[in-house]
Amino acid sequence: MNAETTGPAFKSRRRFLNSIAGAAGAGCLMALGAGLYARQASALPAQALRPPGALEETEFLSACLRCGLCVRDCPYKILKLAPVGEAVATGTPYFEARAIPCEMCDDIPCVKACPSGALDRELRDINKAKMGLAVLVDHETCLNFLGLRCDVCYRVCPATNKAITLNIVHNPRSDRHAMLLPTVHSEYCTGCGKCEKSCVLPEAAIKVYPLHLAKGKLPDHYRKGWEEKEKAGGSLIGEQITLPVRGLEGNTP
Amino acid sequence: MNATHSILRANKWLLLRRLSQSGILALFMLGPWAGIWIVKGNLSSSLTLKTLPLTDPYVLLQSFAAGHIPYQAALIGAAIVAIFYLLAGGRVYCSWVCPVNLVTDAAAWLRRSLGLKGGHAPDANTRYWLLAGTLIAAMLTHTLVWEWVNPVSILHRSLLFGFGLGGFILLAIFLYDLLLATRGWCGHLCPVGAFYSLLGHYAIPRVSAVKRNDCDDCMDCFRVCPEPQVIRPALKEIGQTSPVINSANCTLCGRCIDVCDKEVFNITHRFNHRSES
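Chain order of the listed sequences is L and D.
Residues in the first sequence are numbered from 537 upward in steps of one, following our numbering.
Residues in the second sequence are numbered from 1026 upward in steps of one, following our numbering.
FYI, nobody ran anything at the bench for these hints, they're computed from the structure.
One or more hints might be untrue.
[Said to hold, decoys possible] Taking lysine-lysine pairs in the PhoX-like style, the calculated list, with each CA pair at most 20 Å apart, reads:
#	chain 1	residue 1	chain 2	residue 2
1	D	1037	L	648
2	L	751	L	666
3	D	1287	D	1037
4	L	613	L	648
5	L	613	D	1287
6	L	751	L	698
Source: prediction; values computed, not measured.
Chain D with its partners taken away, still in its complex shape (with noise of 0.2 Å):
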């Protein structure tokens, strides 16, 4: 009883971002597999109780590059999903709602667990040249071009429409992440990550090394974390004075509260300053 309510305790973050991703999905396919209609389309665009539209405002932008003026609804919804992810932090999609999280987040662990190294992570920054590069191809091409092979919206919509060869694209990020690149996808590559992250600047919760003092560095946050370069500065105070994790590209997944054993970690909003102990 006391092993499971500490074993609960020590994965309280993860499990709460499994239930979120999990729950997600689940209203989205209770439609198409069990006939019960509360979400109705995938990521990129839906429709809830037949009232509020959700659209994922960089599927919406590269709409407009390709040289589209969309109807109502989707603005209506692009704007939803923007203005939530400016407050609750822009990444907040990777790990709490994005369905390649999983795919990664097994890779990670897999590569951890088998002690695997080597391989070559592309510059962190490639993300936003790739951001920038759909934005451009839309242009030049008319065409939603990234929407053709971003694992994102594939792997969503393949599980409520169809599979295809959409599997071999989320094989490869797979192995991509677990033989050449620690995070290479959401960390380096991904483009939707990068539209969020830019979202997520001003976000309003965030994880803080409240009790930075205690930190023995055991080292375990940085071997979880999907974004480790975000933790040093708010941990050993390095450019800055605060314990709060301030980079837009702290996915907020909390698995770095869960790690450590010093508790040193908590979520608090961003001006919560303030550090103990």
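If we strip away everything but chain L, and leave its shape as in the complex, we get (with noise of 0.2 Å):
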């Protein structure tokens, strides 16, 4: 033992040092269970849509200020911010298609009224919003797909039959009639949700979903033949034999 380890000034730097690690110690702890907590809670529902011009939700966790002022200025009251308890991150604006959807105001007062860029105001044309993708999620319950025409989906869509065709198939259960079956093109939907909205069943066949659920993807060297051909100018492979059809002779009419 000697002075060094012993005296008043090694007890109260002793002292000093372990509040300071304690402290230290305490805010990593809460910091870190914020942490965990945010990283678990951060995966957006699927029915939870946000605004128009919203970036990629990462990047729209780490932009947006949870200020509301997005809610504030949408006129049809569309947008609510998420409170403490519900799935969606804490305070961040969002909205459901099936209570109600979104409008699609030419001006968007909403990304305009963002301080901070969460919605970003490149989005100039309302129609190349891309708050989601309609998705027909249920055939079985879908009443075009049932031989009736409904139509109610393709009639309310903004984009007139751009987003939602119907494309005429022939009926193999009556196999006399037609069955005009909504098809969604995400092209030109912008997920404003009046799909699903309307939908008349009691559980909605068209849902919108957020756009990396609802999409597929094909492998990067997929190459489509018609596309390439018409790039071309021409087939790839050159003139092929067109053979002659044989063993059908005595059904065509």
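Since each chain sits alone in its own frame, please combine them into the complex, following the hints.
Pasting the structure below:
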């Protein structure tokens, strides 16, 4: 034992270091806890849609200040800020299409209101918005698949006859009717949710999901023959011999 | 008449403070509750009279840390707020603006009234570590982690946009301050307060113990002060000769002025080192 390790200066220094260590530990622990909680909860539920122009979800969560100015400037009171306990990140804006869909204002007031850029002002044409993508999730209950002419989703769609088309196919059940199948085209769908909102079924057969859930992806090396052919101005493998069809002679009219 | 007059006088700063807190809250609430839109948004970011943007610089700093470069509106808003608190004293935010102050003041009052003792308050530096922790966590997770749980923004947002389970976080803080640690939240843990105290080192207005020679050691000021450690150096000339309370952690609440029978304290500016009597 020497004075170096027993003196009052040493004791007070030790007390100081102890308190710093304790404070640092507690501080880091609390921040870590909050971090884990946020990480676990930062997966957006499938039915919660971000306002038009919203950055990709992880970027959005780093940019949104949780101020609610977009909520206030939405003339149709569609958006809400997630309260604590909701599955959506606390304080961030979202809407649910089945409850109340986006009206797609021409001047996009929610984007203009955003002070931080979480809603991107590069979005100037609301028809280019990608809030999500409509998916006909259940063709077993869709009335058009059952052979009826419901067509409601097709008729309410703001991107008329572009985002949703009715594809005519033969009805194999009756064998002499047509089915007009609602078909979504991701190029034009803004994810406004009008179709989901107005689906006449008790549970909508068509739903809007966030793009990353709704969209598949082709492998990068895939080429579509018909597109390549058009680009090249002709077949890439030269003219093909057209062979005669044999064996069906009796059936042809 | 005289009695009410003296009650008002004895609580002058407390009443002014409550007026400021409730006035600011009322300005925000007039919109959603009465349809009069003077201020839109909340304390994290707002727009006043459709022209003046105000943004909480701490929230914006978290956004920076998370890797986002915000638009000009948010930057200008944060600069205005930061300059204001640099001049007025950062922790003026805590006692004159922050809605959580109402909760923790209520807890502190109840703890005093019930004579509750015991519990253990964490080191007062914990808040600075927590402040650093929130920024590092934002950096690592690319999200404003702290805003998931920040009681300050949650209370204010809840009042304006709906509560959800936000009440539980505030109940937890109330009970923590009441039962476990005197002034535990605002005085030891809150990283928002820590951020604003860092802004407040060169603030102009300060409390001064001008008539410190009249002090009769009744300890009333220490009992009501939310940051009691800031009083001693000025009042007892420990490590400084000036009677000005220079600590950035003084919230300028003025409660010491109210409770002192000897009228030792007043609010002055940081350059006034004069002491009387």
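Review point. Going straight from one Cα to the other, do residue 751 of chain L and residue 666 of chain L come out at no more than 20 Å?
Key: Roughly 12 Å separates the two Cα atoms, so the pair holds.
Review point. Do the alpha carbons of residue 751 of chain L and residue 698 of chain L lie within 20 Å of each other, as the hint requires?
Key: 18 Å, holds
**Study point:** Hint consistency between residue 1037 of chain D and residue 648 of chain L [alpha-carbon to alpha-carbon, up to 20 Å]
**Key:** Status violated; Cα separation ~43 Å.
Review point. Has the given pair, residue 1287 of chain D with residue 1037 of chain D, been kept, meaning a C-alpha gap of at most 20 Å?
Key: 15 Å, holds
Check your understanding: Is the hinted pair residue 613 of chain L and residue 1287 of chain D satisfied, with a Cα-Cα distance of at most 20 Å?
Key -> 56 Å, violated
Review point. If you draw a straight line from the CA of residue 613 of chain L to the CA of residue 648 of chain L, is it 20 Å or shorter?
Key: Since the Cα atoms of residue 613 of chain L and residue 648 of chain L sit roughly 16 Å apart, the hinted pair holds (cutoff 20 Å).
Going down the numbered hints, you'll see the structure goes against 1, 5, while the others check out.
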